[in-house]
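2 protein chains.
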Amino acid sequence: MQNVLLGIDIGGTNIKIGCLDSGLKIIDKVSKLNRSDIEPQEMVELIVADCKKLLAQAGLVFAQVQSIGVGSPGPLDPKSGILKSAPNLKKFHNTPLREMLSKKMGKPVVLENDANAACWGERIAGAGSGGDDMVFLTLGTGIGGGIVSNGQLIRGTSGEAAELGHIIIYPGGRLCGCGQRGCVEAYASATNTAKRAIENLQQNNKSTLKKILETNGKITCKDVFGCAQQGDEFAKQMVEQTAEALGLVCVNILHVTQPQRIVFGGGMIAAGKYLLDKIQYHFDKYIWTIKKEDIQLCFATLGEDAGIIGAAALAREL
Amino acid sequence: MQNVLLGIDIGGTNIKIGCLDSGLKIIDKVSKLNRSDIEPQEMVELIVADCKKLLAQAGLVFAQVQSIGVGSPGPLDPKSGILKSAPNLKKFHNTPLREMLSKKMGKPVVLENDANAACWGERIAGAGSGGDDMVFLTLGTGIGGGIVSNGQLIRGTSGEAAELGHIIIYPGGRLCGCGQRGCVEAYASATNTAKRAIENLQQNNKSTLKKILETNGKITCKDVFGCAQQGDEFAKQMVEQTAEALGLVCVNILHVTQPQRIVFGGGMIAAGKYLLDKIQYHFDKYIWTIKKEDIQLCFATLGEDAGIIGAAALAREL
Chain A
416 MQNVLLGIDI GGTNIKIGCL DSGLKIIDKV SKLNRSDIEP QEMVELIVAD CKKLLAQAGL
476 VFAQVQSIGV GSPGPLDPKS GILKSAPNLK KFHNTPLREM LSKKMGKPVV LENDANAACW
536 GERIAGAGSG GDDMVFLTLG TGIGGGIVSN GQLIRGTSGE AAELGHIIIY PGGRLCGCGQ
596 RGCVEAYASA TNTAKRAIEN LQQNNKSTLK KILETNGKIT CKDVFGCAQQ GDEFAKQMVE
656 QTAEALGLVC VNILHVTQPQ RIVFGGGMIA AGKYLLDKIQ YHFDKYIWTI KKEDIQLCFA
716 TLGEDAGIIG AAALAREL
Chain B
416 MQNVLLGIDI GGTNIKIGCL DSGLKIIDKV SKLNRSDIEP QEMVELIVAD CKKLLAQAGL
476 VFAQVQSIGV GSPGPLDPKS GILKSAPNLK KFHNTPLREM LSKKMGKPVV LENDANAACW
536 GERIAGAGSG GDDMVFLTLG TGIGGGIVSN GQLIRGTSGE AAELGHIIIY PGGRLCGCGQ
596 RGCVEAYASA TNTAKRAIEN LQQNNKSTLK KILETNGKIT CKDVFGCAQQ GDEFAKQMVE
656 QTAEALGLVC VNILHVTQPQ RIVFGGGMIA AGKYLLDKIQ YHFDKYIWTI KKEDIQLCFA
716 TLGEDAGIIG AAALAREL
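In the order they appear, the protein sequences are chains A and B. If you want the numbering used here, it's the position in the first sequence, counting the first as 1, plus 415. If you want the numbering used here, it's the position in the second sequence, counting the first as 1, plus 415.
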């Protein structure tokens with residue numbers, strides 16, 4: 416009877432569950448809606464029920480589950496398995512999530528920060544595989560990060576390392592949700608790329624984005640990249656600022672952990688080579704001339720599955 | 416017969432050699448002049464001769480040496496033991512320094528970046544002891560760094576991690592020796608603190624530093640701190656900029672590896688609590704409000720011995 420792993424990726428909007436073989440191949444997966452006001456106990460029961468359904472659907476039984484990996488928004492402490500709090504899971508405060516799941520499942524459970532889990536997925540099975548030193552940056556609503564150094568996740572003294580979106584690149588700059596000013600996230604996340612565009616539109620009546628805002632009542636990051644690629648000067652300027660902030664933060668990350676690869680994930684990478692070339696341009700502009708760097712900037716390859724694959728890979732090590 | 420360790424700290428100006436017991440207590444030590452134009456083979460022979468003299472002086476024999484640790488300026492690769500180059504050791508280019516020393520000594524040798532060795536010394540026997548996550552910043556001619564995460568030195572993909580002096584804090588700012596603009600080193604190293612003072616003196620005729628420059632033909636970082644502590648407004652402003660740059664880089668470092676402690680070493684820490692309080696002030700000003708951080712900013716405690724103690728501690732692990 417084949418052993419399987421469960422990889423669970425908890426988000427404020429969705430919970431993704433994957434059933435994987437020991438080679439980390441996804442046998443089957445499911446995505447369920449989550450609610451930001453869900454109670455911890457209710458969420459645990461929901462997860463357990465969905466895991467069982469998923470296994471049945473794949474023709475497997477619960478006894479075949481070797482261990483379970485869970486990626487969750489944080490801050491959380493992987494050592495104690497406690498979810499301290501999460502902006503998108505309002506009822507969770509110092510919740511012993513690992514213990515609750517482990518008790519209910521009767522299986523070993525590992526709890527990891529969601530960005531770290533996705534980072535680990537890319538490191539084991541995606542764009543970071545084949546190297547021991549990588550950094551992962553997710554470009555979405557915020558900017559999340561994960562760091563692998565010498566083959567190990569860098570977790571920090573209480574599990575809160577790799578908050579890479581909050582590296583300050585422009586002191587005194589834009590106010591970030593975290594309370595700091597000038598964080599890279601305040602410029603270069605998908606949300607803030609769209610926000611910057613809206614804020615600066617007043618002075619740019621010629622931009623197609625103005626019409627989009629009038630028609631749709633909003634502008635998305637996708638709109639900004641779309642217009643930029645069609646040659647809209649204002650949109651191009653907004654994209655340039657995003658890429659410059661990202662190039663700059665890559666220089667700073669390089670000087671801290673010297674990865675051989677920085678891997679970008681998240682929704683924004685749908686912009687493709689157009690975005691990557693611009694980040695590389697600004698990286699090359701800011702990096703020192705004292706010596707040539709071998710670092711590679713590239714895109715993640717696992718897409719939405721990175722979280723469940725990474726969580727399962729961490730569970731495999733239990 | 417007691418086993419001993421040798422810890423060697425190579426600098427462009429001096430070579431320090433320590434003979435330590437297995438508890439890392441220094442039995443005896445010596446400091447010899449080095450030259451920036453010394454040939455690799457000559458330096459190796461000099462080191463071996465000085466080690467033998469030091470041992471004899473301590474009533475020990477070479478057979479008692481268990482292993483040897485060497486800290487050297489770099490870039491160097493600890494894995495291969497090759498010193499790629501060093502600005503203050505002009506004749507060294509891809510020199511297999513570890514192998515040369517090991518062959519000549521007939522003992523196991525470990526080669527490590529000098530800042531990493533000093534960091535490891537502080538981590539094992541100094542201000543970082545008792546914790547698994549620390550960062551070390553040396554404030555001298557340049558700003559060097561070392562990172563310990565989960566009890567291990569972060570070396571990066573080719574041994575060049577922790578170049579913390581070259582984190583860019585002010586994009587487009589002062590030109591750094593590395594070719595980048597706005598590095599923290601370009602503002603807050605001892606050398607650059609003095610340089611900034613000299614550059615800005617023209618507009619500040621009232622400062623005591625003006626008289627010092629006229630009398631001595633130069634200004635040192637010590638002069639700047641001395642005048643600041645005596646209430647000189649211009650000197651206070653220069654110190655404030657140094658402390659602000661350091662506070663800011665500490666915020667950024669925290670968000671990457673989340674150490675429990677950032678330890679400052681190097682000549683500048685002679686300024687004492689006056690400096691540390693200012694760094695803390697700026698750290699507190701820049702850090703996020705989303706949650707309280709437990710990180711401790713403090714001074715190194717091993718002084719000039721950190722390098723030889725750290726090198727010996729690394730040798731002990733061979």
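Treat the hints as calculated values from the structure; they're not laboratory data. Don't take every hint at face value.
One copy or any two copies: either way a pair holds, since identical chains are not told apart in the list.
Stated by the list, open to error - Below, simulated EDC-like cross-link-like pairs (lysine to aspartate or glutamate); rule was C-alpha separation at most 16 Å, straight line:
#1 Lys-707 x Asp-638
#2 Lys-494 x Asp-452
#3 Lys-499 x Glu-719
#4 Lys-700 x Glu-732
#5 Lys-468 x Glu-575
#6 Lys-494 x Glu-454
#7 Lys-651 x Asp-638
#8 Lys-467 x Glu-719
#9 Lys-706 x Glu-719
#10 Lys-688 x Asp-547
#11 Lys-706 x Glu-575
#12 Lys-706 x Glu-460
#13 Lys-706 x Asp-492
#14 Lys-621 x Glu-719
Bear in mind the structure is a predicted one, so any value in this text is a computation, not a measurement.
Quick rundown of the hints versus the structure:
no.	hint	in the structure
1	Lys-707 x Asp-638	neither (36 Å within a copy, 37 Å between copies)
2	Lys-494 x Asp-452	neither (26 Å within a copy, 51 Å between copies)
3	Lys-499 x Glu-719	neither (25 Å within a copy, 41 Å between copies)
4	Lys-700 x Glu-732	neither (41 Å within a copy, 41 Å between copies)
5	Lys-468 x Glu-575	neither (33 Å within a copy, 49 Å between copies)
6	Lys-494 x Glu-454	neither (23 Å within a copy, 50 Å between copies)
7	Lys-651 x Asp-638	within (11 Å within a copy, 49 Å between copies)
8	Lys-467 x Glu-719	neither (22 Å within a copy, 61 Å between copies)
9	Lys-706 x Glu-719	neither (36 Å within a copy, 29 Å between copies)
10	Lys-688 x Asp-547	neither (25 Å within a copy, 40 Å between copies)
11	Lys-706 x Glu-575	between (32 Å within a copy, 11 Å between copies)
12	Lys-706 x Glu-460	neither (55 Å within a copy, 30 Å between copies)
13	Lys-706 x Asp-492	between (38 Å within a copy, 15 Å between copies)
14	Lys-621 x Glu-719	neither (36 Å within a copy, 63 Å between copies)
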